[in-house]
Every structure is written in structure tokens, then in C-alpha cells.
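Novice: Taking our numbering, the leading residue of the sequence shown gets 51, the next gets one more, and so forth.
Derived by calculation from the structure, the hints in this document are not laboratory data.
Keep in mind it's a predicted model, so treat the numbers as computed, not measured.
Note that beta-carbon positions come from the ideal geometry of N, C-alpha and C, so glycine has one too.
Just to be clear, a hint being listed does not mean it is correct.
[Unchecked claim] Across the chosen pairs, the derived CB separations fall in these ranges:
#, residue 1, residue 2, range
1, His317, Ala81, 39 to 45 Å
2, Ile175, Ala259, 43 to 49 Å
3, Ser479, Gln189, 31 to 37 Å
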Amino acid sequence: MRNGDTLFIDGKWCAADDGRTFRVTDPATGAVIATAADGGTAETDRAIAAAHEAFDTWSAENAYRRAEVLWRTHALMTERAEDLAALMTQEQGKPLKAALNEVRYAADFLAWFAEEAKRVYGSSIPSSRGGQRFSVLRQPVGVVAGITPWNYPVSMITRKVAPAVAAGCSIVLKPAEQTPLCAVAVFELLAEAGLPPGVANLVTTSRPAEVGARLLDSPLVRKLTFTGSTEVGKDLTARAAATMKRVSMELGGHAPMIVFDDADPVHAAKGAALVKFLNTGQACISPNRIFVQRSVLPAFTDALLDRVGKLVPGPGHRPGVTIGPLVDEAALRKVTRQVEDAVEKGARLLAGGDRLTDDGLDAGRFFAPTVLADVDESMRIYREETFGPVAAIVPFDDESEVVRRANDTEYGLASYLYTRDLGRSVRVSEALRFGIVGVNDINPTAAAAPFGGVGMSGLGREGGAHGIDEYLDVKLVGVCLP
């Protein structure tokens, strides 16, 4: 594990110019596990310059050569998956099994975009003039700035770096200050796989606003790709407009899950528990509002409580643990406020509801897996993204009502429904105003599928055939024949 020299600029690992560092802690124990270089303006400028210098050569590189580098990185990540997962568990807190699943998911993006590099096709367009020919080229946009979150600290990096590299772009990445070590581990693999100096650069920092401002204000950076909160994403988008950067935004979510009375309530409750408490609820696709039709409400609630009662909180490396800590004290305060507000306004607390401090958990940021019943529109949890382990159950009566209520949000990322009625599945899927709909499916995501939202949940798509388009400009070439 690197300690202090965590900046990767122009193919070299280095410390901050002024020697500044910041501490990286384990959210399960509060213990300091390493120090990271605290990059700032000067280091960011050097990273941008290195990426700009490398772009001309890399963008002209054969697509098969770019694919080879990504395939080698995929092989290395797959080979060292367990080590990467152990690091993620220590730095981010998720249980080891979940961390290993994320590493495999991250590797999928390397493999997918290795192949997409070879499929950046152009086209020809018929002209009305006999001596004229039109052709359309798709070319890399240039230097990319990538900003990634802490909740999926490896897969969110490969989901941005892989398509950028595949398209022929160069990139400067700023990872979340909570999880710089996972980013370092990914960039070590890229370097070992033979990615040329300057093509991918890493700036670790505890000063995200300072580094982000430099990336946004530089005219050399032609694209910004960001995963994080809607509030920050809106600010970044506005600032990027000053230099007319291409922008991709994967922002917050407020996913509804709808359980109709023709569904198996026990099966639906199993799915709800799996996706609601995934990553301790710290996932943008996590369902915040679980709408359950009244006739199956008792059976669903009993089954969900049974599943929740079997969750085992604790440090992710401990055998048998199935749910880890929240990322920081601010996250704990937010979840606590939402639960207290809901109970004050009439929600019934069926499980959990408070911070966990027994069995050695007092040093970490653990919140009990929580179930609230009778949640309604007056409560903060009904309107705000939770990002924590709280399942909020909302009763409903009919299809048209629940579709209206599900769509009553500014967010539009993921949504879910459980039904055995084919007509209803089509009707409701088409009516839900979300970028992703899972029908009897809690995991409608894959490297081969486009991921993204509408409304305040973002712009653009990551993954799938659409994912590489975000890193390509369209050029028209018109030729008049002599």
C-alpha cells in the first residue's frame, strides 16, 4: 500500500509538491490506515498538461492497441480481485463478499470497452449533388476530467476510465477523498498493463473544491464526467458551461419500488431487502419509497422484517457480516434525522432506528437496519434521498395512484416493480419517468447496459454501446469531387 506518494502524473507516482497529506480511515473502526498525497492546484495543472500532451499520440493509436491495454488491465484486476476487495472493505467498509462483487463488476467495464474500442464506426450519407460525398467520423473529445464517488470506489472509476481510454481520450481523475487508496490500486494496474504516460492521471486530494475548480476552468479539459450528488452536479454543470465542456452527470436517485397485489409478496420482500440494504443503503439505485398494495401489505411486511432481522452488522472483514458502516458522521446524522422526522409525523418504527454501539461497534459509523411503516408524503424520507439502511413502506390502493406517486419526484434514476401481469408490467414500465426500470428484477445493471437517469438524476449514459458515445465528437466531412 502506497503511503504519501499517491499522485500519478505523466506515468510517475509522486507526493504533493508541498508534502501535504491527509489521513485515510476505516469507517468501521475509525482507525487511520494510510496517508494520501493532498494534491492541489499545481499538481492538477501538471496532470492536465500531461493529459493534453498525451492526447495527440493516444488518439491516433490503433483501436486494437487501446483494446489490448484494457484487456491486460482486466486480466490483472481479475487476478488480484481478492486483494482489491480486501482493500475496499478496509477503506470503504462494505462486506468482503460485496467488495469482491464490485471488483468483478469493475473488471466487466474494462472488458466491455476493450471491445467497444473496435466498434467506433462512422457512416456515409448520400448527397443530392452528384459530385459530392458526405462521411461522418466519430473522434475522441480530448482531455477528460473524471470525478468519482466513495460508495463504489473501483467500479465507478473503470466505468469512466475504460470508455475514455477506449475512445482515444486522455483523462485526469479525482477520486473521493474518503477512498483514494482504491483509486491508486486501479491506476497501478493501468500502469502495469502498459498504458502510456499521461493518458490516465490521478490527483488524490482532501480539497475537492480546489481541484475540481481547476479541472472545470481549464480550457484544455473538453469533457467532465461526474458521479455524485445532484446538488454538486448542478454546480459543476453550470461551471463547465463557461468553457463549453461536454458533460456527463450520474447524480442522485429516489427510486420507487412498487409491489402489486398479483406479485408474490415474499419474493418481492426478498428483492426489496437485497437492493435496499445493498452497500448499507448507500447506492443511488437503492429504493427509497417501497409502495405496497394494501392486500399484500401484511405478508410483505412480515417477510421483509424476517429478512432484515437476519442482517448482521459489523466490520466487513468479519466472517458472517452482511451490512457494513455508513461512510461518515454526516451520513449518520442524515439517516437519524429522517427516521426521527418520520416517527414524529406518524410512521411506525418496526425495526432498528438508531446507531449501533454494542459488540465493539461504537468506534464505527453503524446504523441499525431499519423498517418504517405507514410512511407518507409529509415526511422527509418520502422526499429526500436517504443513502442509508432504512426501508420506508408506503401503502397504496390502485395502479394509477401509485404511478402518479412514484413519479412525484424531481429524481429519475432507477425504479422497480413486482407484478405477474404482463400487460401491467409494460404499462407501468412505460409510464414510470425513470432512466432504469426493473420488472421483477432488482439488478437491471451490467457493463453491457446503459446506466443513467432523467431529470435531476443526471445527463448521459454510462456502460453499454451508449457509454463510449459520451467520449466521442461527431465530425462531418464533405468532399466535392473534381
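Novice: Against which earlier hints does the structure fall short, listed by number upward?
Specialist: none
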